[in-house]
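If you want the building blocks of each chain, they are given just below.
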Amino acid sequence: MMTNFSDPFETLFAIQRALDARIASDWMGSRTTGIGSFPPINIFQQNDDFVAIVELPGVDKNDLEIEVKENTIRISGHKTIKYEDGASIHRRERVWGVFDRTLSVPIQINPDAVKAEYRDGVLALFIPRAESDKPRTIKIT
Amino acid sequence: MASQQELQVQQKREVEKKQETTVPSRAFLPMTDIFETDQALTVVLEMPGVSKDNVDISVENDILTIEGWIDYSKYEGLQPVYTEYNVGHYVRSFQISSKIEQSGISAELKDGVMTLVLPKAETAKLRKIKLS
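Sequences listed follow chains Y and F, in order.
Each residue of the first sequence is one higher than the one before, counting from 487 in the working numbering.
Each residue of the second sequence is one higher than the one before, counting from 224 in the working numbering.
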């Protein structure tokens with residue numbers, strides 16, 4: 487019978503390593519001006535570029551602002567919910583208010599080619615990699 | 224109020240199915256606001272990513288069921304590198320009382336927000352009685 491020795495501190499160290507790795511990674515770095523965690527963002531890679539998909543149902547395009555700077559993208563605005571005067575509220579689960587969130591990506595972005603599309607409550611940001619960031623193959627003579 | 228505090232994101236709650244399904248699929252509960260006026264009961268559900276063609280609303284045995292499907296083809300060729308929220312279909316059911324005029328239920332979907340108006344039956348509406 488094999489006896490397995492388990493390190494009692496292993497779980498703790500694993501958690502600490504995971505947290506350090508998260509802070510040390512370039513994703514969502516602390517060098518941002520945004521606050522809070524709303525709205526939720528998923529980031530995907532498509533070949534060399536990135537696509538960020540943000541859930542923002544019920545926001546008017548005029549209430550939404552997107553800014554690009556270096557390798558960060560700032561999404562800010564406000565989401566309002568209107569209901570009739572004199573209505574009695576039975577349930578309130580939806581979130582509303584002012585949001586300001588910055589996301590940073592670990593590549594150099596081409597700011598002129600960033601595209602944003604808002605459809606069915608989902609904001610899709612197409613984040614193309616800068617040409618200078620792409621690797622160039624060098625011929626050997 | 225909420226403008227001073229940081230907005231918190233709610234993690235999507237997954238629907239617990241009573242029956243096992245033959246096809247693997249995940250469904251989540253859409254965030255819902257319900258409010259009532261003298262005329263009607265309004266139910267507002269948030270289903271980001273759902274378009275008009277992918278919605279099913281039905282009433283059966285006094286149970287109102289709303290289903291919204293996500294178009295996964297939009298995610299083809301995308302590799303997730305950083306994710307904060309789940310993506311899946313939406314399902315939610317409510318039991319509606321006999322005070323609702325079921326044939327008059329109307330629905331509207333805009334920017335991922337579905338608004339359902341459930342009008343109250345005439346007998347259930349507030350009727351003020353004047354003193355003579």
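Hints may be right or wrong, so weigh each one.
[What the hints assert, rightly or not] Within a straight-line C-alpha distance of at most 25 Å, the following computed PhoX-like cross-link-like pairs (lysine-lysine) qualify:
#1 F:Lys297 - Y:Lys568
#2 Y:Lys568 - F:Lys275
#3 F:Lys275 - Y:Lys547
#4 Y:Lys568 - F:Lys353
#5 F:Lys241 - Y:Lys601
#6 F:Lys333 - Y:Lys620
#7 F:Lys333 - F:Lys348
Simulated from the structure, these hints should not be mistaken for lab results.
Tested hints:
no.: 1; hint: F:Lys297 - Y:Lys568; verdict: 31 Å, violated
no.: 2; hint: Y:Lys568 - F:Lys275; verdict: 22 Å, holds
no.: 3; hint: F:Lys275 - Y:Lys547; verdict: 19 Å, holds
no.: 4; hint: Y:Lys568 - F:Lys353; verdict: 32 Å, violated
no.: 5; hint: F:Lys241 - Y:Lys601; verdict: 43 Å, violated
no.: 6; hint: F:Lys333 - Y:Lys620; verdict: 39 Å, violated
no.: 7; hint: F:Lys333 - F:Lys348; verdict: 28 Å, violated
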